[in-house]
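Colleague: Single-letter residue listing:
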Amino acid sequence: MAHDASPLNAAKAKAKLLDADAIRRAVVRIAHEIIECNKGTERLALVGVRTRGAVLAQRLAKAIEQIEGQRVPVGALDITLYRDDLSRLTPNPVVQATDIPFDIADLRLVLVDDVLFAGRTVRAALDALIDLGRPEAIQLAVLIDRGHRELPIRADYVGKNVPTSLKERVEVRLQETDGKDEVMLEEDHG
Amino acid sequence: MAETAVVTPDTMQTAQWTKKDLLGLRELSAVEIRLLLATAESFREISLRPIKKVPALRGKTVVNLFFEPSTRTRTSFELAAKRLSADILNISVASSSVTKGETILDTVKNLEALKVDIIVIRHAAAGVPQMIARHANASVINAGDGAHEHPTQALLDLLTIQEKKGRLEGLQVTILGDIAHSRVARSNIWGLTKLGARVTVCGPPTLLPVHIEQLGVGVTYDVREAIRTADVVMLLRIQHERQEAALVPSLREYRLRYGIDRDRLKLAKPDVLIMHPGPINRGVELDSNVADGPHSVILDQVTNGVAVRMAALFLVAGASNKPNGGEPE
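Protein chains in written order, with my numbering: chain V, 409 to 598; chain H, 698 to 1026.
Honestly, the hints are just simulated from the structure, not real lab data.
Take these hints with a grain of salt, some might be off.
[Unchecked claim] Far from chain H, by Cβ distances over 12 angstroms, these chain V residues were calculated:
id	residue
1	Arg437
2	Ile443
3	Arg479
4	Pro481
5	Glu544
[As the list claims (entries may be wrong)] So, partial list: chain V residues that the calculated Cβ filter (under 10 angstroms) puts toward chain H:
id	residue
6	Val502
7	Asp535
8	Gly541
Please read all numbers here as calculations on a predicted model, not as lab measurements.
In this text, a Cβ means the ideal position worked out from N, Cα and C, and glycines have one as well.
Isolated chain H, as found in the complex:
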């Protein structure tokens, strides 16, 4: 598929999804990302109907295989599958045989023996979904692997920006917070830059990876500068559970230096969008009066998440219809 930034409705008609899996945005072309977004846009309407269900994936079985706790992503995938009439089962690590010493590949082979069509996986280790995808005939969707990628989150962010701003190209997007530990940041950097947005990352030096600028983003430690020019400010959760290494002195100090409150928001453009992948630490990275304020599109992100996951399930299911397991010919 050609790497072009502009897709007209005509070429969209001929754009085809041929990948068995959705593992990350890094390996997708701009055309493929736009096809995912266009499909998701079409699916948005289904969730507004009195009967929120279409028969597209009737008879397909989806498994949510979550080795890390998750409520919103898992629920979002579950609703997406149900609204497409697929059957879905949820396996979390606490109730799986992994606690009895089973390897991940054995777990996957067992799921395949149960004739599962799509595996949605989250794992604390980067690369696990990719490894499974190589060994499984079932389609694999990455629902977050370590600090690597979280493609459906980035896609729902792109869809929300496109919905609110009418475009992605030429927009200035600031990603603010714990970039080092964030798969959301990495997937968004790939997606946004491929679709022509300019990205700046901002945060305390301890939470910005070295050489991050090699991904084609601007870097600043100055939150005022990062806010002032932004069309979109994407906040990341400060991950308490990873703060044992004392990467920031205290949550209070983080809030003072990098948190977004009403006063700091005054520096921003009047039509700035405030985004957050959730869950929010109110009063740390984001104050309540901003989280619930007119610039916030946080709940639109949640709504769009279902549409994006419906699109992901629908497209990979179509690709794996191929008799050879969906490998591009």
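So that you can see chain V by itself, here it is in the shape it has in the complex:
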């Protein structure tokens, strides 16, 4: 949850990490890797972490369909209720619905998120998924891996590895949610 696209938070933009073309290429490459690693699309399904991970999951599904001619099931996961910092956040964040319209038991799931940072979102997502059933395997795809893990978690598919400092923020903006495709590195004021 390393993003806050509100223009009111006028953090200073330092660099554009990915432009629209680069995001498109990263998605297509990850789609190829997913197909290769899973030897096709059989029993494969994508689950995106709301909000932008869910958008990326839809794009990955489209790319996979263009490559393999097979549509894989796509779901969206809200991990708010599984966060380990719920009792420290004030007040509780807005909850959106989890929408996974298929049985995940015995599927090979690819969990999709925009930014991999501390790894706590992924930890919460794993708990949330396992409450819904027992998949055969769960893999992780992220657009940006910015480092600073606090948990033993790594991504199977990465769009771009970006070494960052803790004072920086990675802002992923996507057409569907923010009106444009770009990934920016910004300096946090606080």
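Following the hints, complete the assembly by docking chain H onto the known chain V.
Modeller: Quick look at chain H alone, frame taken from chain V:
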């Protein structure tokens, strides 16, 4: 929080719940009511899972403190707490120290000494939850106080209407029955009018409070007129236990003049919703063939009740995380 009728998903992201307690719909803004409804909508899916439980309130303790008998509200709160992984205890008046002369505030102070986080309270006297909320650090949720408010019931009614009709704004809602004794009616009037629905209350003159129109509702004694224009007809239970004062001559006469049966339903719009907070007096305010008919959403109300109470518990628990006890800064 600004009083706006329209909340887009964008502003919903920034809408925040800052109240320690949920005491009534009167003091809530339209934005806050919509946030509660949106949260409840998200929670609905959890009850459809094979494993109906999420860890959101793990480690929190909720107490159901009921000074009036209740089955469905208490059960609904209990399930809501359990599905959020909170621990819950039930205290009913019969087994409490109140029968030994303890004051309500002492009961609450004792619960707080036991480190309870959320108190769900029902009491026959209006204002008791508000009084407790002022004195307690724990969050307080009003589960019905006298004839005053029953916010979670109204919220589940709003959620059900929104689910079935796709909107609340511009709808014509008739509340029919014993308005005078009904906290359900009062909470619904606040909630519905804040979200842009038009409300008409209907019932025998003895069961309509004087000056009720000051709440911004239409008033009629004519059940046919009240049904004809309604998108939603919300029935209230005729409370036998309050009929000692002979406010209606007999249940039979009430049924003849105000009960909803198949014939009377023919006057209504073809897509009218029939709602009832339960328990139903079959054959008094509502005939079985209507209660079990295609227009009835009474059991959807029950299902939505759990989601609404999960939302209420979740949001007040979040607000009381604040070190200063949840008072807005």
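Colleague: Which of the numbered hints above does this structure break?
Modeller: none
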